[in-house]
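Q: Taking the hints into account, I'd like the entire structure generated from these sequences.
Chains as they are written, first to last, in the working numbering: chain A, 1 to 112; chain B, 1 to 112.
These are computed hints drawn from the structure, not numbers from a lab.
None of these values were measured; they are calculated from a predicted model.
Some hints here could point you the wrong way.
Under the rule of at most 20 Å between Cα atoms (straight-line distance), these lysine to aspartate or glutamate pairs were calculated in the EDC-like manner [as the list claims (entries may be wrong)]: (1) K99(A) - E99(B); (2) K99(A) - D54(B); (3) K57(B) - D1(A); (4) K71(B) - D38(B).
So these bits of chain B aren't anywhere near chain A, every CB distance computed over 10 Å [what the hints assert, rightly or not]: (5) Q6; (6) G16; (7) N26; (8) E62.
Restraint ranges, calculated between C-beta atoms of paired labels, are given here [unchecked claim]: (9) T77(B) - G16(A): 43 to 53 Å; (10) Q2(A) - K57(B): 13 to 23 Å; (11) L112(B) - K56(A): 34 to 44 Å; (12) T111(A) - S80(B): 25 to 35 Å; (13) I60(B) - P40(A): 20 to 30 Å; (14) I60(B) - S74(A): 27 to 37 Å; (15) D54(B) - R17(A): 43 to 53 Å; (16) K99(A) - L27(B): 14 to 24 Å; (17) Q81(A) - S67(B): 35 to 45 Å; (18) S22(B) - Y39(A): 19 to 29 Å; (19) S74(A) - D54(B): 33 to 43 Å; (20) F12(B) - S74(A): 32 to 42 Å.
Backbone N, C-alpha and C fix where the C-beta goes; we use that ideal spot for every residue, glycine too.
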Amino acid sequence: DQQVKQNSPSLSVQEGRISILNCDYTNSMFDYFLWYKKYPAEGPTFLISISSIKDKNEDGRFTVFLNKSAKHLSLHIVPSQPGDSAVYFCAANTGTASKLTFGTGTRLQVTL
Amino acid sequence: DGGITQSPKYLFRKEGQNVTLSCEQNLNHDAMYWYRQDPGQGLRLIYYSQIVNDFQKGDIAEGYSVSREKKESFPLTVTSAQKNPTAFYLCASSIWGGETQYFGPGTRLLVL
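A: Written as structure tokens, this is what we have:
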């Protein structure tokens, strides 16, 4: 049972435009959400997170939005840059780091 | 420089052989984790440990074993009972009770 879903396996965006990556979850006990960025043959790098008490968190070009009623979160990257090309994983936990549940990832390609 | 190191980067296993993957961290983190990534899939939790001399099974622990004799080290043994060991293995760590996990560079295990 996939509790965290990333339904778009890939996304292509032009440089300078906005990239929007989506994530849905089914477990209402999740209260902390994270986005990781991963290059091939490397470990994931923590990007940004959001607690369930917030609906938005911003860090530079990256903004995460959380819609608890819809059990949906999204990562916005503005403006997109070629170096943003990577696989992005959404993850969720219940407030402690003991069990992070990951989505299957979305491959973002930023084109020139 | 604080961080998580994994060795080796590539590991080859013969049929019926046990192999051990190393994970060391100098972040003074209490908790450590092992994940497995297969192509097109998210990360799946194998084992985790929140304190020395204690560890818990994750979602896919069968065919694997771990030990946590030191805070800095959390080696993973892939036993001969693991019938499909070919994957990318990732080690992570976090502070006790922290929501965010930080990952090492990974080890790719291949079967000869």
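Q: Next pair to validate is K71(B) with D38(B); report whether the Cα-Cα distance is within 20 Å.
A: Roughly 28 Å separates the two Cα atoms, so the pair is violated.
Q: Between K99(A) and D54(B), does the CA-CA distance stay at or below 20 Å?
A: holds (16 Å)
Q: At the C-beta level, are K99(A) and L27(B) separated by a distance inside 14 to 24 Å?
A: holds (20 Å)
Q: Starting from the hint 33 to 43 Å, judge whether the C-beta atoms of S74(A) and D54(B) obey it.
A: At 37 Å between Cβs, range holds.
Q: Given a hint of 20 to 30 Å, does the C-beta separation of I60(B) and P40(A) actually sit inside it?
A: For P40(A) against I60(B), whose Cβ atoms are near 22 Å apart, the range 20 to 30 Å holds.
Q: If you draw a straight line from the CA of K57(B) to the CA of D1(A), is it 20 Å or shorter?
A: Roughly 18 Å separates the two Cα atoms, so the pair holds.
Q: Note whether the CB distance of T77(B) and G16(A) lies within 43 to 53 Å or breaks it.
A: At 48 Å between Cβs, range holds.
Q: Is the distance from the Cβ of I60(B) to the Cβ of S74(A) consistent with 27 to 37 Å?
A: At 29 Å between Cβs, range holds.
Q: Is 13 to 23 Å right for how far apart the beta carbons of Q2(A) and K57(B) are?
A: At roughly 20 Å between Cβ atoms, K57(B) and Q2(A) fall inside 13 to 23 Å, so the hint holds.
Q: Is the hinted range of 19 to 29 Å satisfied by the C-beta distance from S22(B) to Y39(A)?
A: Since the Cβ atoms of S22(B) and Y39(A) sit about 22 Å apart, the hinted range of 19 to 29 Å holds.
Q: For the pair D54(B) and R17(A), does the Cβ-Cβ distance stay inside 43 to 53 Å?
A: Given about 48 Å between the Cβ atoms, the range holds.
Q: Would you say the C-beta atoms of Q81(A) and S67(B) sit inside 35 to 45 Å of each other?
A: About 42 Å separates the Cβ atoms of Q81(A) and S67(B), which means 35 to 45 Å holds.
Consistency with the previously given hints fails for numbers 4, 5, 11 and 12, ordered from lowest to highest.
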